[in-house]
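Engineer: Residues per chain are reported as follows:
Number of protein chains: 4
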Amino acid sequence: MGQLRVGMVGYAFMGAAHSQAWRTVNHAFDLPLSARMSVVCGRDEDKVAAAAAKLGWEGHTTDWRALVERDDIDLVDICTPGDTHREIALAALAAGKHVLCEKPLANSVAEAREMAAAAAEAQANGVRAMCGFNYRRVPAVALMRQLVAAGRIGKIRHVRAVYLQDWIVDPNFPLVWRLRKDVAGSGALGDIGAHIVDLTQFVTGQSITKVSALTETFVRQRPLPTEAAGLSAAGNGSAGFGQVTVDDAALFLARLDGGAVATYEATRFATGRKNGLRVELNGELGSVAFDFERMNELEFYDATLPTTEQGFSRILVTEPEHPYLAAWWPPGHPIGYEHSFTHEMRDLIAAIAAGEDPTPSFADALQVQLVLDAVERSAAASAWVDVEAVLAPV
Amino acid sequence: MGQLRVGMVGYAFMGAAHSQAWRTVNHAFDLPLSARMSVVCGRDEDKVAAAAAKLGWEGHTTDWRALVERDDIDLVDICTPGDTHREIALAALAAGKHVLCEKPLANSVAEAREMAAAAAEAQANGVRAMCGFNYRRVPAVALMRQLVAAGRIGKIRHVRAVYLQDWIVDPNFPLVWRLRKDVAGSGALGDIGAHIVDLTQFVTGQSITKVSALTETFVRQRPLPTEAAGLSAAGNGSAGFGQVTVDDAALFLARLDGGAVATYEATRFATGRKNGLRVELNGELGSVAFDFERMNELEFYDATLPTTEQGFSRILVTEPEHPYLAAWWPPGHPIGYEHSFTHEMRDLIAAIAAGEDPTPSFADALQVQLVLDAVERSAAASAWVDVEAVLAPV
Amino acid sequence: MGQLRVGMVGYAFMGAAHSQAWRTVNHAFDLPLSARMSVVCGRDEDKVAAAAAKLGWEGHTTDWRALVERDDIDLVDICTPGDTHREIALAALAAGKHVLCEKPLANSVAEAREMAAAAAEAQANGVRAMCGFNYRRVPAVALMRQLVAAGRIGKIRHVRAVYLQDWIVDPNFPLVWRLRKDVAGSGALGDIGAHIVDLTQFVTGQSITKVSALTETFVRQRPLPTEAAGLSAAGNGSAGFGQVTVDDAALFLARLDGGAVATYEATRFATGRKNGLRVELNGELGSVAFDFERMNELEFYDATLPTTEQGFSRILVTEPEHPYLAAWWPPGHPIGYEHSFTHEMRDLIAAIAAGEDPTPSFADALQVQLVLDAVERSAAASAWVDVEAVLAPV
Amino acid sequence: MGQLRVGMVGYAFMGAAHSQAWRTVNHAFDLPLSARMSVVCGRDEDKVAAAAAKLGWEGHTTDWRALVERDDIDLVDICTPGDTHREIALAALAAGKHVLCEKPLANSVAEAREMAAAAAEAQANGVRAMCGFNYRRVPAVALMRQLVAAGRIGKIRHVRAVYLQDWIVDPNFPLVWRLRKDVAGSGALGDIGAHIVDLTQFVTGQSITKVSALTETFVRQRPLPTEAAGLSAAGNGSAGFGQVTVDDAALFLARLDGGAVATYEATRFATGRKNGLRVELNGELGSVAFDFERMNELEFYDATLPTTEQGFSRILVTEPEHPYLAAWWPPGHPIGYEHSFTHEMRDLIAAIAAGEDPTPSFADALQVQLVLDAVERSAAASAWVDVEAVLAPV
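Protein chains in written order, with UniProt numbering: chain A, 1 to 394; chain B, 1 to 394; chain C, 1 to 394; chain D, 1 to 394.
Hints in this document: simulated from the structure, not taken from any laboratory. Hints should not be assumed to be uniformly reliable.
The list cannot tell twin chains apart, which means a pair is met if one copy fits it or any two copies do.
SDA-like mimics (lysine to any residue), calculated; alpha carbons at most 25 angstroms apart, straight line [claimed, not checked]:
| id | residue 1 | residue 2 |
| --- | --- | --- |
| 1 | Lys47 | Gly2 |
| 2 | Lys210 | Ala110 |
| 3 | Lys47 | Gly355 |
| 4 | Lys274 | Trp177 |
Can you make the complete structure from the sequences, with help from the hints?
Structural biologist: Right, here's the structure in full:
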């Protein structure tokens, strides 16, 4: 069986999640290519060496430019903050490597456009590029897509999407990189708002065309961090203070091109909501609702059933007939967050082996970026704005 | 329109609930007879006078024997503790009054047999008798019955019933009448266990044939109450202490005559469960589940749907097509506990007007009493025992 | 005990709910005045006579102008559609009658201003006016207000409010009065959006200062109704068709004067959501969440508990220590929709007897009307607009 | 870092779950020993070779006797059906290998006693033995244990435990090995009932002392399987039919040595319940409730909070402060079924490295076996029976 030799850049929260997926994917699924965890890259020699050992990579390096040039690497997996995506992706694509890039694709529309163009160009040479909107691969979300696509809820009238977290409610929580515009691009908007934009467009098959937004930064100054890992961090002000330069929360109304109207909200100030990605769609014939905190469940209302029997049914999305689940455990045995990445790797490997383009493509991710950009422009102007069109790549 | 002149004996928790129902029933439903709240009876002149004023009865009396003989009373509604049911019901039936008697029908099988026999005799003269298992008239329970009767869950394999309360968890809670065998007959068993016995037999259409039970009294001595109302009471020991002579909890396994196996549990020591009457039935084709704390909902699992769409659906039982609900509010507007009594009065009035026997009859209630008796005999003997048959009334 | 003689105008859905409340309030609560259901008024002699009999009013009339002048009426209860509120309320106040007026207060800001001014003037003569935002009197909502007012959730960051119904999803549902701007003033916005505007402002103690809105009418032509009752109606086109002149859905972003940001959505196209009034508040120290379909529950997250024990707790709001509940049943026994009206009447009677102003006042209701007006102006202009201030009544 | 070289016997459902855990444990946790997936054993050469490749084992064998003797194996992991546990475990322990044995420990008390005695003997030589009751390592269950042990729910009054599945409701489902007494020992009782017996005893710290049980086999003849994997199987009768020789369901009442009373139910006929392991404990000061279908949540009722704020709180057990979770993802990101095994391996490796005995020990598992035995004896005799004591190993 052929190999897919992976070089991963970045090894923090996303790097750990991707590692678990690369390690697992060929043991869960029968695939024509076998993923090999060849090398991991980070800036600090000691830390990346430790990460390689802990996460199970054969080698490590501090030089991502060298990594993308190596002959023994087939795919570059970009798990770094958004400010570095463009440079790494362009180099990797230029070197003929397949690329998996974490979301949001970039920190600006300009960067995203450049990356989408490069991906389109590389595609002509059989090089594949994919953006890591992993929630598409949660089985309940994939089932939601199937139900909508099959017409089970009819014409969609309403989209209602929130992504609620609470990890910076405390005003003394430190100024981690996710709160700095130069590194993260935006705050809740790009980090988690991007997910619900992608997810709702994916599930409905509709695109957001215009938005009216507000963004808010509730806490504008925070202590600098003395240490940080995942979404945790410490810092008591001994290292000084800094300005929060991103949004704490982003709320917007939207219209979609299929006629639906929508509300979106992304925030890190929803006390008690830990990872509350919730989406509900109401259609003429039914509704679907999903909450990631109960990721193994999908709620489905079928308005074509007899009136006395209609209700939101809690579908436990753990049957072998459900998307991805034949690979896992018997019905009723939940899977977890990391499985969304394992499924992502599965689909990516299958696409590469088949010589097909994986989704979401860089163009898809550019379109999400255009929505995020519209949200920021709308918030700045306190006005409705149109989402720009994805131009055909040059 | 004719009247149904009601005399009610007892005016505490049940008396208040019945009063609200008598007051409401003709305003919610179109019925051939109009209930008239003629007279209420209690032992203490001042208290019963106050109750009459508060609850809306035209008159009051302290003499139930006189009440049941009055010409201007058509129906006697018995809301007193169980030790008085037999005497009042027999007198009322003998006087040719219709009788509504709160559950449990009596404090012993012997009493219940005598009452069922008297009801059967009175029936020949067009006198009606009904026992107040009000939960049958919760719309979600009535819907459960409809689904089962229509074969929607197929052959029933499992019955799982609990009735969980917690109002005597505190060992300092006083020794109210519900904790005294001479007044209440039994403890959790007769007070709340009776409801789940009746409800499950009603919904399944099956009868319990044998049981293995245990009963437990966790707190055997309590302060005597200085005041009490509903399920609330006060008492700090200043009035002395007394022995708890009933069960705090009763648990039993059962077999039903249609082949189902069952677990039952009634307790007042389930901390945090306030009125947790929960019933689940599993059948070959589906399941239904009910929790009274969410009394406007019924969960229904339809195993005949496509596999990928199966799930427990939360039916909001508030549609006009659902039992009793055309009389009330638009969909999604909950009704409450008291409505179960209003529905009970509705069905009782309709039966009387139609010259039909209301259900549950005294014979039905005797059968429940026989199950309770079997539970007590089983617990005493630490052995399986058969539920005695309801003999044909003499 | 003194009487409060009530004359009610209108006897449909709201009239039935108010009747049940007037009938019940003195039996549930000990109050210094006794409500007397004196007369009900409607346009059709036969129908209003039937309504009086069914709902329990002593008399009936077709002349509301005569009614408000009668010496034997102390309070006028306005349960008609919004286009008649102003005229009736002004006449009643001028006649020195207390007024309870259903929401929304009026169909326009101008009308509402006039009514608020009249109420302020009447107040000087001891005449009381109240607007019927009944959801404030749901015990769980009152508890939410108590928790917020006590600082239990700290500074509020987010308000998230939806009111979801689905009774006009079917494009063949008839053009009832609620879909005609001349009668109803607006659609989902005024009918149900008004409730979440009032409720969130009441619970947070904050006022909405600016909004960005969109409104949508998904189905613009419908068959004329041949009959209608409550939210139900029939009509197959045989009576012709007409234009829907109100919004089917209204969505808006808002800022509140205490610093919170908010999303609001009111729609009658949320398939499967029957009466989904849902509100969540996120504060620095905790969160509260409410869903009217489970009106006996309040979710509360206390971020000051030990980390390992934090979670949204489902408070069953049925304890005697909870607002209004000492009057009702033991813990765990749900109350229903109609109880919110009984509580409203309780507070109104208590205020009248005490010579105090009940809340929400007409001025409070005017402020809600100003928010609704801002929403409509924003939607029309596709722009953020400020909510006008409630000017001091002349 | 030292290695722990593992030889696993069996590679079906449990073998796959264990493999995923062995593969993952050292990447998630920092441990003093590194698990090495050395060899897997099965009866069929081709199938075990394929399993080794798929699951990631370095080698494979068809000879378990040779495997347990190999010098390059430190631990034998027994994932076979119950009829082979005794022989393999005894041989492995005799060969000085640590043993991890799937539950139930054996198919009879006699076997379990022999195994517990062998484990005790081996322990003197530093050899460790553990039984795989993996649900103890679900973080929410571990948290439940912590809360109970810390006295947060006080003296326990009630245990309510069910394990509900539905995979054999269809009478045409084939006669897989789990339905044959000679291989599986018992049916629902040993397969899933064993889990709730162990879990409730672990969490309460109490032991079951006596039981009254009933068992039922609803479908007594089934088609022989033509293929089977996990809990799935096919078979249409073409291979003939056979007798079901185990229980489809087992229900029992129990008393625990700390004074609690309990109900237990294990069934494979609970339509719609896929893996419904549910446990609730009610104590004097609070309650805890767990449902494996929502394995990332624990419900906790704290009766020491102010009355108006009491409620079952849904603790999302995903905080780094919760058991095992610092190794995984940020709060609100669920983990899955397989993580219970990864945690099991973590604790086992840590115990071996520390020279300590892992739990549950073979003696603990023997005690569970004695409860299962009591259940079977009780059901056979239709009588209460005492659970035999675990005798001190010779």
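Engineer: If the cut is 25 angstroms between Cα atoms, do Lys47 and Gly355 qualify within a copy, between copies, both or neither?
Structural biologist: For Lys47 and Gly355, neither the intra-copy (36 angstroms) nor the inter-copy (31 angstroms) Cα distance is at most 25 angstroms.
Engineer: Indicate which option fits the pair Lys274, Trp177 if close means a Cα-Cα distance not exceeding 25 angstroms: within, between, both or neither.
Structural biologist: Classified as within; 19 angstroms inside a copy, 42 angstroms across copies.
Engineer: Is it within, between, both or neither when you check Lys47 against Gly2 at 25 angstroms Cα-Cα?
Structural biologist: Intra 31 angstroms, inter 22 angstroms, cutoff 25 angstroms: inter-copy only.
Engineer: When no copy is specified for Lys210 and Ala110, does a C-alpha distance of 25 angstroms or less occur within a copy, between copies, both, or neither?
Structural biologist: For Lys210 and Ala110, the Cα distance is within 25 angstroms only inside one copy (19 angstroms; across copies 33 angstroms).
Hint 3 alone, counting from the list given before, is not met by this structure.
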